[in-house]
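Novice: What follows is each chain in one-letter form.
Protein chains: 2
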Amino acid sequence: MKTIKVGLVGWGTVGSGVLKILKANGSLISRRLGAKLEVVRVADLDLDTPRSVKLPASRLTRDALSVARDPQVDILVELIGGLDPAEEIILAALKAGKAVVTANKAVLAVRGRRIFAAAARAGRPVFFEASVGGAIPVIKGLREGLAANRISSILGIVNGTTNYILSRMTSEGISLAEALEEAQKLGYAEPDPSLDLAGKDSAHKLVILASLAFGDWLEPRGILLEGIERISSEDILYTGELGYVIKLLAIAKASPGGLELRVHPTLLPRNHLLASVSGVLNAVYLEGDFSGPSMFYGRGAGAGPAASAVVADLMEAGQALNTGAGTGPGRLPSPQKLDRLPVGDIRCRHYLRVQAPDRPGVLARIASILADHDIGIASVIQRGRRKKGAVPVILMTHQAPEREMAAALRKIARVAAVKERPFRLRVED
Amino acid sequence: MKTIKVGLVGWGTVGSGVLKILKANGSLISRRLGAKLEVVRVADLDLDTPRSVKLPASRLTRDALSVARDPQVDILVELIGGLDPAEEIILAALKAGKAVVTANKAVLAVRGRRIFAAAARAGRPVFFEASVGGAIPVIKGLREGLAANRISSILGIVNGTTNYILSRMTSEGISLAEALEEAQKLGYAEPDPSLDLAGKDSAHKLVILASLAFGDWLEPRGILLEGIERISSEDILYTGELGYVIKLLAIAKASPGGLELRVHPTLLPRNHLLASVSGVLNAVYLEGDFSGPSMFYGRGAGAGPAASAVVADLMEAGQALNTGAGTGPGRLPSPQKLDRLPVGDIRCRHYLRVQAPDRPGVLARIASILADHDIGIASVIQRGRRKKGAVPVILMTHQAPEREMAAALRKIARVAAVKERPFRLRVED
Numbered sequence: 002m003k004t005i006k007v008g009l010v011g012w013g014t015v016g017s018g019v020l021k022i023l024k025a026n027g028s029l030i031s032r033r034l035g036a037k038l039e040v041v042r043v044a045d046l047d048l049d050t051p052r053s054v055k056l057p058a059s060r061l062t063r064d065a066l067s068v069a070r071d072p073q074v075d076i077l078v079e080l081i082g083g084l085d086p087a088e089e090i091i092l093a094a095l096k097a098g099k100a101v102v103t104a105n106k107a108v109l110a111v112r113g114r115r116i117f118a119a120a121a122r123a124g125r126p127v128f129f130e131a132s133v134g135g136a137i138p139v140i141k142g143l144r145e146g147l148a149a150n151r152i153s154s155i156l157g158i159v160n161g162t163t164n165y166i167l168s169r170m171t172s173e174g175i176s177l178a179e180a181l182e183e184a185q186k187l188g189y190a191e192p193d194p195s196l197d198l199a200g201k202d203s204a205h206k207l208v209i210l211a212s213l214a215f216g217d218w219l220e221p222r223g224i225l226l227e228g229i230e231r232i233s234s235e236d237i238l239y240t241g242e243l244g245y246v247i248k249l250l251a252i253a254k255a256s257p258g259g260l261e262l263r264v265h266p267t268l269l270p271r272n273h274l275l276a277s278v279s280g281v282l283n284a285v286y287l288e289g290d291f292s293g294p295s296m297f298y299g300r301g302a303g304a305g306p307a308a309s310a311v312v313a314d315l316m317e318a319g320q321a322l323n324t325g326a327g328t329g330p331g332r333l334p335s336p337q338k339l340d341r342l343p344v345g346d347i348r349c350r351h352y353l354r355v356q357a358p359d360r361p362g363v364l365a366r367i368a369s370i371l372a373d374h375d376i377g378i379a380s381v382i383q384r385g386r387r388k389k390g391a392v393p394v395i396l397m398t399h400q401a402p403e404r405e406m407a408a409a410l411r412k413i414a415r416v417a418a419v420k421e422r423p424f425r426l427r428v429e430d
Numbered sequence: 002m003k004t005i006k007v008g009l010v011g012w013g014t015v016g017s018g019v020l021k022i023l024k025a026n027g028s029l030i031s032r033r034l035g036a037k038l039e040v041v042r043v044a045d046l047d048l049d050t051p052r053s054v055k056l057p058a059s060r061l062t063r064d065a066l067s068v069a070r071d072p073q074v075d076i077l078v079e080l081i082g083g084l085d086p087a088e089e090i091i092l093a094a095l096k097a098g099k100a101v102v103t104a105n106k107a108v109l110a111v112r113g114r115r116i117f118a119a120a121a122r123a124g125r126p127v128f129f130e131a132s133v134g135g136a137i138p139v140i141k142g143l144r145e146g147l148a149a150n151r152i153s154s155i156l157g158i159v160n161g162t163t164n165y166i167l168s169r170m171t172s173e174g175i176s177l178a179e180a181l182e183e184a185q186k187l188g189y190a191e192p193d194p195s196l197d198l199a200g201k202d203s204a205h206k207l208v209i210l211a212s213l214a215f216g217d218w219l220e221p222r223g224i225l226l227e228g229i230e231r232i233s234s235e236d237i238l239y240t241g242e243l244g245y246v247i248k249l250l251a252i253a254k255a256s257p258g259g260l261e262l263r264v265h266p267t268l269l270p271r272n273h274l275l276a277s278v279s280g281v282l283n284a285v286y287l288e289g290d291f292s293g294p295s296m297f298y299g300r301g302a303g304a305g306p307a308a309s310a311v312v313a314d315l316m317e318a319g320q321a322l323n324t325g326a327g328t329g330p331g332r333l334p335s336p337q338k339l340d341r342l343p344v345g346d347i348r349c350r351h352y353l354r355v356q357a358p359d360r361p362g363v364l365a366r367i368a369s370i371l372a373d374h375d376i377g378i379a380s381v382i383q384r385g386r387r388k389k390g391a392v393p394v395i396l397m398t399h400q401a402p403e404r405e406m407a408a409a410l411r412k413i414a415r416v417a418a419v420k421e422r423p424f425r426l427r428v429e430d
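As they're listed, the protein sequences go chains A and B. For the first sequence, our numbering assigns the number 2 to the initial residue and increments by one for each residue that follows. For the second sequence, our numbering assigns the number 2 to the initial residue and increments by one for each residue that follows.
Watch out, some of these pointers could steer you wrong.
Any copy will do: because identical chains look the same in the list, a pair fits if it lies in one copy or spans two.
Each computed DSS-like pair below joins lysine-lysine, with the alpha-carbon atoms no more than 27 Å apart [what the hints assert, rightly or not]:
1) Lys21 / Lys186
2) Lys37 / Lys55
3) Lys21 / Lys254
4) Lys201 / Lys3
5) Lys37 / Lys186
6) Lys37 / Lys412
7) Lys96 / Lys186
8) Lys6 / Lys201
9) Lys37 / Lys96
10) Lys24 / Lys254
Hints are computed from structural coordinates only; laboratory data are not their basis.
All chains, full assembly: derive it from the sequences and hints.
Specialist: Written as structure tokens, this is what we have:
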């Protein structure tokens, strides 16, 4: 049986997971692949921390580039994350004729165009199933399983941290701060959770999904991006009463005016399949013109799930090497220029929460500002619950473009009686 | 750009769907594949019925084998369904050196071992994404996306007809006969729906999923098989009160005693993700040792979804031809002998409905029979609703092996006061 030699850069949680799978399921994997996967070199700056899987010292190095260029390595796995030196390592491996497997969403989202150009020049594939949705084979599903379809929309819950926080706020009625503390205790949130909360991690993943679906390698710039930081227990309560669940969604849509890309907390009808995706689980919902709706669901994070995807990629890269077909460029994104819909033209229904004193005229003032911007009101909830002398006014609007909504919100914020910056959430139904 | 030549056998709904996708999305598909897919030959016994996509008469024939053997054909697509002559056509195409794409679950389930042996001899691949779950790329997900995992269980809703019927019985409170009539009017059920209702279609699909997951090519023989025919509105009502939804599930589990394979209506807790899969939609829920739980969801039937999967397979087969790698054997199931758990040893919790007169002693008699077989009772519902002088007694048992349950059911049926054959459903929680 042929041995396919793997170089691993980054011996952290996921790297250890990869070694663990290859140990635990090695014979199963060899039987399925018809070849043996062997990790022959491992690079990490920290070689001192004890790991669960031991490796002979001769295979270890602190010099990542030496692994990327090692002539014996067939496939390089990049698991250090971030932009630098990850890009340099990937490019060096491609230049040295290796297939590359990476779990690094940031480097693909920000430097993807350069990486795939280099892969095309080198005639070598880059696999990245673990970069979105952990164990869920959504990359494969999108670019192979649904390859015959024109994709019209993608809705993804692709960040486990924020989904855990929103799920706990919904099920337990706790505040965002409390849910975040819980998530940190459980290891579901980083000590600095800002990349997750602000939706940046989701935006990176959206770039990857949308690039595959729509055929141009996109970038994070110009994505409508809002995080979950300002969501209160009250919002969870009111949206629940209206029949909605709040989820941080990564959304890509082929609208007639162009491609729209956005990441924001979103009101989803409670009976939407994505509404039942709770806790740290991830799911991606896709619409194809012939396939209809599809959903892929599973564990988006953690050593096991991410390593499951990395090893699947290793098997795919390895299969070509094993059959003697070599590793051709694989399924690179096909270049195609796409028009982007200007953010101001994106149309949504909106949920609006305004804190205002419970006195006549305030609602009339808000309604008249919305009317000035041609934004129709679908329903209003106004309750007697006082909060620092003000009550929340909840409005659901009809569809309106971002541009008009943003202008109306600025004006509402300037109304003297309005106590806090008005808070707005977008609706998908 | 290279042209890859396709021969199509079976010009029915799915065949027409394939031609439609290639027409509608042809340029997109060529760009993604880097080659053009062209249907050069089509065989069908009926060439007279008008179809939406027209083909020149020179490409049409009634002789399927001539297409399977045509030297210009690179990939043969078999869409006639059934065992014969489908098997002969597939084997002829493999022998003639062609890659094969099929949507035929029956021929794979019953004759799969022979077909894959022939494929291995010929060194040619057989793709069959459309055979299970229509557009849902679950075959690919299972044998590629989750390839690094030891799969411990599969739960699938893989038959749209029965899922539609059970969903309507649940949401509308109508009878099975009424729901079936509705399904037939909508084209969701065949005029003779018995293959679907009895679970045989699901069993074929289970064979395919389980063969890929557990590595031996299995067969339908020996699967514990029960259909939905005897489910009443009362069962829907009582199981609903107990917090369950009834779904026809195809189940494969790697138990310590061996592999268990079964198809039967199943009580699922209402918060299980599969419980929200309604109407004609399909979903497959999988557990891998590193991936954790995954679910694949989408349209399991219809021209568009099935054709979406067939064209995806054509693209996969075509990719190898396009890159000059040829079409090697692909990912054939790896041969591995598996122990099967005897049906009598399968352990489940059970829901039991017995029609008996509302008088003291009957419940005691049933309970004592169950006790004789060491079957514990978890809960009992007994209501005053008379039905022909009898009331339903509903029991939920603790886990018990099939063997004991079957023996107890036979004894309960012989209790003089029991008016109807007792009805039993299995529980997954």
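Novice: Now look at each hint and say whether the structure bears it out.
Specialist: Hints, one by one, checked against the model:
Taking identical chains as interchangeable, the C-alpha atoms of Lys21 and Lys186 lie at most 27 Å apart only when both belong to the same chain, with a minimum of 25 Å there against 53 Å between chains. Proximity of Lys37 and Lys55 under a CA criterion of 27 Å is satisfied intra-copy only: 19 Å inside one chain copy versus 49 Å between copies. Proximity of Lys21 to Lys254 under the C-alpha cut-off of 27 Å is restricted to the inter-copy arrangement: shortest distance 23 Å between copies versus 39 Å within a copy. For the identical chains of this complex, Lys201 and Lys3 are neighbours neither inside a copy (42 Å) nor across copies (41 Å), given an alpha-carbon limit of 27 Å.
Proximity of Lys37 and Lys186 under a CA criterion of 27 Å is satisfied in neither setting, with 39 Å inside one chain copy and 54 Å between copies. Taking CA atoms no more than 27 Å apart as the test, Lys37 paired with Lys412 passes in neither setting, with 65 Å inside one copy and 55 Å between copies. Taking the shortest Cα distances, Lys96 and Lys186 never come within 27 Å of each other, neither inside one copy (42 Å) nor across copies (60 Å). For the identical chains of this complex, Lys6 and Lys201 are neighbours neither inside a copy (35 Å) nor across copies (45 Å), given an alpha-carbon limit of 27 Å.
For a Cα distance limit of 27 Å, the shortest separation of Lys37 from Lys96 inside one copy, 24 Å, qualifies, whereas the shortest one across copies, 30 Å, does not. Taking the closest pair of Cα atoms, Lys24 and Lys254 come within 27 Å of each other only across two copies (23 Å); inside a single copy the shortest separation is 42 Å, beyond that limit.
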